[in-house]
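In the order they appear, the protein sequences are chains A and B. My numbering applies: residue 1 is where the first sequence begins, and numbers increase by one. My numbering applies: residue 439 is where the second sequence begins, and numbers increase by one.
Watch out, some of these pointers could steer you wrong.
Here chain B is said to cover these stretches of chain A; the calculated rule only asks that three of the stretch's residues, wherever they fall, bring their Cβ under 8 Å from a Cβ of chain B [said to hold, decoys possible]:
id, stretch
1, 135-149
2, 208-215
3, 302-309
4, 360-370
Over the 12 Å line for every Cβ pair with chain B, so calculated as not near, a few chain A residues [as the list claims (entries may be wrong)]:
id, residue
5, Arg28
6, Gly286
7, Ala313
8, Ala326
Chain A stretches covered by chain B per the calculated footprint, using a threshold of three residues with CB under 8 Å from any CB of chain B [to be verified]:
id, stretch
9, 48-57
10, 97-111
11, 385-397
12, 404-415
I should point out that these hints are in silico values taken from the structure, not numbers from a laboratory. Computed from a predicted model, the values in this text were never measured in an experiment. Glycine included, C-beta positions come from ideal geometry on N, C-alpha and C.
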Amino acid sequence: MNKPNSATVPATSGRDIKTIVNASLPRRHAAERRFRWYGLIAISLGLAFVVLMFANIIGKGYSAFWQTYVQVPISFDAAVLDPQGNRDAKAIEGADYGALVRAGLRAVFPNVQGRGELRTLYALVSSDAPQELRRTVMANPALIGATQEVWLLASATVDTFVKGNIDRTLDETERPIKDNQVAWIDKLAAAGKVEQRFNTLLFGSGDSREPEQAGIRGALMGSFYTLLVTFLLSFPIGVATAVYLEEFAPKNRWTDLIEVNINNLAAVPSIVFGLLGLAVFINFFGLPRSAPLVGGLVLSLMTLPVIIIAGRAALTSVPPSIREAALGMGASKLQMVGHHVLPLALPGMLTGSIIGMARALGESAPLLMIGMVAFIVDVPRGFMDPATVLPVQIYLWADLPERAFVERTSAAIMVLLGFMILMNGLAIVLRKRFERRW
Amino acid sequence: MLSYLLLTLVLLSIGGYYLGRNRAFAVANGHIRNLHSLPSFYGSYTALWCGLPALIVFAVWATLQPGVIIDLVVAGLPPELRELPPDRLNLVINDLKNLVSGNIVSSTPNPAILEAANRYRNLQTIGNASLWVVVMALAIAGIAYGWRTISPTLRARNRVEQVVNLFLIVSSTIAIFTTVGIVLSVLFESILFFGKIPITEFLFGLQWSPQTAIRADQVGSSGAFGAVPLFTGTLLISGIAMLVAVPVGLMSALFLSEYATPKFRATAKPALEVLAGIPTVVYGFFAALTVAPVIRDLGTALGLQVASESALAAGLVMGIMIIPFVSSLSDDVINAVPQSMRDGSYALGATKSETIRRVLLPAALPGIVGSILLAVSRAIGETMIVVMAAGLSANLTANPLAAVTTVTVQIVTLLTGDQEFDSPKTLAAFALGLVLFTVTLILNIIALHVVRKYREQYE
Chain A
1 MNKPNSATVP ATSGRDIKTI VNASLPRRHA AERRFRWYGL IAISLGLAFV
51 VLMFANIIGK GYSAFWQTYV QVPISFDAAV LDPQGNRDAK AIEGADYGAL
101 VRAGLRAVFP NVQGRGELRT LYALVSSDAP QELRRTVMAN PALIGATQEV
151 WLLASATVDT FVKGNIDRTL DETERPIKDN QVAWIDKLAA AGKVEQRFNT
201 LLFGSGDSRE PEQAGIRGAL MGSFYTLLVT FLLSFPIGVA TAVYLEEFAP
251 KNRWTDLIEV NINNLAAVPS IVFGLLGLAV FINFFGLPRS APLVGGLVLS
301 LMTLPVIIIA GRAALTSVPP SIREAALGMG ASKLQMVGHH VLPLALPGML
351 TGSIIGMARA LGESAPLLMI GMVAFIVDVP RGFMDPATVL PVQIYLWADL
401 PERAFVERTS AAIMVLLGFM ILMNGLAIVL RKRFERRW
Chain B
439 MLSYLLLTLV LLSIGGYYLG RNRAFAVANG HIRNLHSLPS FYGSYTALWC
489 GLPALIVFAV WATLQPGVII DLVVAGLPPE LRELPPDRLN LVINDLKNLV
539 SGNIVSSTPN PAILEAANRY RNLQTIGNAS LWVVVMALAI AGIAYGWRTI
589 SPTLRARNRV EQVVNLFLIV SSTIAIFTTV GIVLSVLFES ILFFGKIPIT
639 EFLFGLQWSP QTAIRADQVG SSGAFGAVPL FTGTLLISGI AMLVAVPVGL
689 MSALFLSEYA TPKFRATAKP ALEVLAGIPT VVYGFFAALT VAPVIRDLGT
739 ALGLQVASES ALAAGLVMGI MIIPFVSSLS DDVINAVPQS MRDGSYALGA
789 TKSETIRRVL LPAALPGIVG SILLAVSRAI GETMIVVMAA GLSANLTANP
839 LAAVTTVTVQ IVTLLTGDQE FDSPKTLAAF ALGLVLFTVT LILNIIALHV
889 VRKYREQYE
């Protein structure tokens with residue numbers, strides 16, 4: 001093609017095109033750079049959101065892992081605790097421990113007078129303090145009659161103040177803590193009688209209306225029972241379905257229907273599963289509301305598609321030669337699957353199930369439908385006890401206005417995220433360890 | 439009590455397994471070659487005979503027992519209690535149940551109820567005891583039967599495999615049953631709802647205030663069920679979410695697949711996918727306590743009227759949540775475009791961005807549209823973010839700074855707390871659920887279809 005038709009094209013055209021192209025190059029290269037920048041900005045935005053969310057939640061919540069205590073001299077007055085003097089356990093248990101706390105506080109600040117002022121003084125310690133004293137005395141009745149310095153749980157307002165989350169320069173009317181309370185705390189702090197300790201109540205107690213007493217143990221146990229039901233139901237059924245569809249099912253319309261169904265179920269909004277649970281399990285079968293059993297049933301229907309899809313992927317990755325070898329040795333089809341294919345596919349299936357369980361752990365919308373949002377103080381002890389789960393507890397606490405609850409909500413989120421990271425990490429380790437390339 | 443029964447049953451089955459296996463050795467005179475199947479199959483055969491019938495009876499009995507006991511107890515109540523209207527009778531039964539389980543009762547129990555509670559407890563004890571007897575008898579009879587029928591010619595493997603096969607088939611139909619259950623439960627309640635409120639009013643009405651009057655003279659309880667404000671609210675929030683998620687997600691996917699070095703890709707892609715693993719309730723908390731106040735302050739600084747539960751805050755955060763969804767789906771789609779198409783474009787002198795815009799995107803468009811549709815269906819069905827960050831008042835507005843409500847928010851608010859099942863308020867939630875399910879189902883079917891068609895094109 002050495003220009004036989006050059007007569008029809010002007011002789012200079014080659015150079016012209018070159019100049020045109022060359023002239024357009026800076027513009028095109030600029031566009032190229034811009035486009036590249038857009039991409040970089042987009043991905044940095046996405047990553048920035050990840051960092052921002054984690055920083056935000058950790059920044060808000062880390063302080064909830066400590067809790068303020070104040071030291072108060074308590075005289076375990078025999079006249080209050082045991083007026084009959086016969087050490088009757090029932091009488092000691094029913095005694096007015098609030099009086100001890102109040103007397104102790106008055107002893108520290110003897111010149112506080114008047115009902116209103118005394119009430120603000122008593123508000124320094126939590127309403128749980130008398131219960132705490134009761135437990136101490138019940139465990140050790142020899143204390144009666146003695147006087148001892150006791151660390152009492154501070155109230156949520158004091159706790160928030162000590163952690164520096166209330167601005168002391170504000171006017172008294174604009175902050176939840178009174179001027180004289182600030183003065184008392186300063187005095188106690190100067191005497192070394194205010195202390196921050198690891199917050200055992202957060203992990204050891206159930207929900208409460210008082211922030212300083214509220215904990216996530218109830219929600220954690222609820223999550224545990226719910227997930228146990230979910231796993232016990234969805235794993236065997238999911239594996240069985242995957243095995244059937246992948247190894248046994250004939251290719252016909254019926255199995256096609258099942259496949260389409262599973263893919264669609266995976267994309268159904270979770271709240272619709274809640275409606276199903278409400279209408280079928282609670283209304284039709286009459287199972288109790290708020291029970292981990294029902295929550296587990298609903299969540300297992302939700303996780304099932306995830307496990308089935310992961311299970312089928314794991315089964316297809318087992319090479320056909322294994323199957324042929326097993327069949328060739330005279331194994332029945334079920335023996336081939338049970339002895340050879342399934343053990344090889346199991347790590348992959350487990351990985352998928354753990355990821356599915358992690359999702360179930362974070363799920364809350366369907367559980368709102370079946371009554372797992374009730375305010376429940378007791379830690380559940382079985383599958384039928386009323387319970388709530390960790391994400392729902394977060395939802396409930398997020399609605400409460402107190403600063404101390406914001407802190408606890410963030411802490412609960414950190415615990416939840418910790419579990420999710422643990423589960424996903426386990427899945428990754430499993431995959432790394434047992435993954436086989438054929 | 440009942441869990442001990444289950445445990446005993448499991449132990450008996452294990453015992454049955456060993457009995458059956460030993461029996462098989464015995465009938466074979468110690469030579470396995472005389473047997474039709476391996477000895478362990480004879481063991482499983484006996485174990486199944488022990489466990490399965492007993493388990494079925496157990497399940498049926500345990501589901502029926504409470505209802506039967508209630509019927510018996512109610513039949514024994516004094517006539518003046520028995521002839522109460524059904525809802526009052528339900529209250530009495532509830533009191534009774536609470537009394538039996540030792541909870542505090544709402545009113546001081548009257549002697550008739552106390553006596554009924556006693557009878558309830560008696561019946562329960564009798565029922566549980568007879569359940570034990572029946573289940574144990576069945577289990578032992580099963581072992582005996584299995585043990586007796588074992589002979590060298592018994593086709594134990596085939597029998598056991600039949601049972602396992604049946605289990606596999608039944609398991610695989612559960613997905614179908616779930617779908618059927620969803621459709622039936624929403625449809626059934628929705629039909630009840632549309633019997634009270636005409637469907638046209640629900641779909642085209644502009645007023646939504648689901649508080650129905652309890653008393654006839656109550657103020658402010660109009661009970662209007664026009665769902666259009668909910669639909670527009672849902673669309674508004676999902677629209678904002680898509681405005682965030684589609685550009686960011688798509689550009690991230692393009693950058694990761696076309697520009698990024700493998701090393702950068704290997705760290706950035708999982709880091710971005712962390713967003714997909716965070717529970718939605720965390721996003722809701724973030725939206726309500728961090729993003730919404732920031733937007734409100736910004737708006738006030740600019741002199742704008744911003745609601746404290748603005749659609750913008752919920753939409754923005756929902757968009758962040760959907761970014762990894764869009765990006766990983768589009769990443770798959772982009773990677774499916776054959777390398778030869780890129781090479782052809784480069785050979786003609788196109789720059790990378792020109793190749794992406796003129797060749798890659800048009801080629802990948804159906805797949806990208808499919809993944810965006812999936813993301814939209816995800817946004818429409820998202821619940822926790824909007825429950826926590828969007829409002830409750832149904833405003834018919836397109837202003838992103840105003841508070842709007844969504845379908846999912848209304849479902850949650852209508853159904854949390856105690857409710858009666860036959861009030862239009864509760865049933866409305868199921869009608870909304872039906873709409874939600876239908877819309878997301880259609881979106882998903884279209885999206886999956888488009889994506890599959892697109893994949894086939896390049897395979």
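Status of each hint after checking the structure:
no.: 1; hint: 135-149; result: violated (count 0)
no.: 2; hint: 208-215; result: violated (count 0)
no.: 3; hint: 302-309; result: holds (count 3)
no.: 4; hint: 360-370; result: holds (count 7)
no.: 5; hint: Arg28; result: violated (6 Å)
no.: 6; hint: Gly286; result: violated (7 Å)
no.: 7; hint: Ala313; result: holds (14 Å)
no.: 8; hint: Ala326; result: holds (15 Å)
no.: 9; hint: 48-57; result: holds (count 5)
no.: 10; hint: 97-111; result: violated (count 0)
no.: 11; hint: 385-397; result: holds (count 4)
no.: 12; hint: 404-415; result: holds (count 4)
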